[in-house]
Amino acid sequence: MFRVTLLTSASIRASASTARNIFSKGARTASSTATDEPIKRLTEQSMCQNLRQMEYAVRGMVVIKADEINQQLKESPGSFPFDHIVYTNIGNPHSVGQKPLTWPRQVMALVDLPMEGGIDHPIVSSMFPADAIERAKLVKEGLGGHGSGAYTHSQGPMMFREEICRFIEERDGLEKGAAIENNIFMTNGASAGIEMILNALIADPSR
18 MFRVTLLTSA
28 SIRASASTAR
38 NIFSKGARTA
48 SSTATDEPIK
58 RLTEQSMCQN
68 LRQMEYAVRG
78 MVVIKADEIN
88 QQLKESPGSF
98 PFDHIVYTNI
108 GNPHSVGQKP
118 LTWPRQVMAL
128 VDLPMEGGID
138 HPIVSSMFPA
148 DAIERAKLVK
158 EGLGGHGSGA
168 YTHSQGPMMF
178 REEICRFIEE
188 RDGLEKGAAI
198 ENNIFMTNGA
208 SAGIEMILNA
218 LIADPSR
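In this note's numbering, each residue carries its 1-based index in the sequence shown increased by 17.
Calculated from the structure, these hints are not laboratory results. Take the hints with a grain of salt, since some may be wrong.
What the hints assert, rightly or not - Simulated crosslink set (SDA-like; lysine to any residue; CA at most 20 Å straight-line):
#	residue 1	residue 2
1	Lys82	Asn109
2	Lys154	Asp137
3	Lys154	Gly166
4	Lys157	Met175
5	Lys154	Met132
6	Lys82	Met64
7	Lys91	Ile81
Take the sequences, apply the hints, and build the full model.
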């Protein structure tokens, strides 16, 4: 169950005042004698040590060294037998020369634009291909006509999840209805999805 709290200017001021009082009290407690009850605080020692000691391969020692060399190349051109660094530690095709895909950008441009400046513009057909216009109309319909600036369902718009299900069924040779829309969670990139799964896996069952 979710609780929605409406914040007014008065409640925000009251919260700020409470926060200042807590901060002042904490400051006084920190300066008290050692016999007082210790205050809770986040330090390098009190935080999760696994988090401190973790290694992230995408930003590991090789990339750190590459950053150092890249900075040296800017400050002292000719200091190495090459003039630039090509980063291949992450999937970033545009950084190594891949040209942007035109059609998805055309569709997103029309989705982002207001109706009168985009798909309903009198000369839109002379600026965008017909298939991009039709797809943008479909996307806007799936977004409830609000464009890309409004909140959607937390799992992603239903129409998009239905399309994902049909794609999975066709790709994997499944019968229609085998993929279930309510089992689909659309995320803001792979990292967000991985974070959601990890949060579920490491949850403390006692809480």
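Task: Enumerated hints in conflict with the structure, sorted upward - done: Failing hint: just 6.
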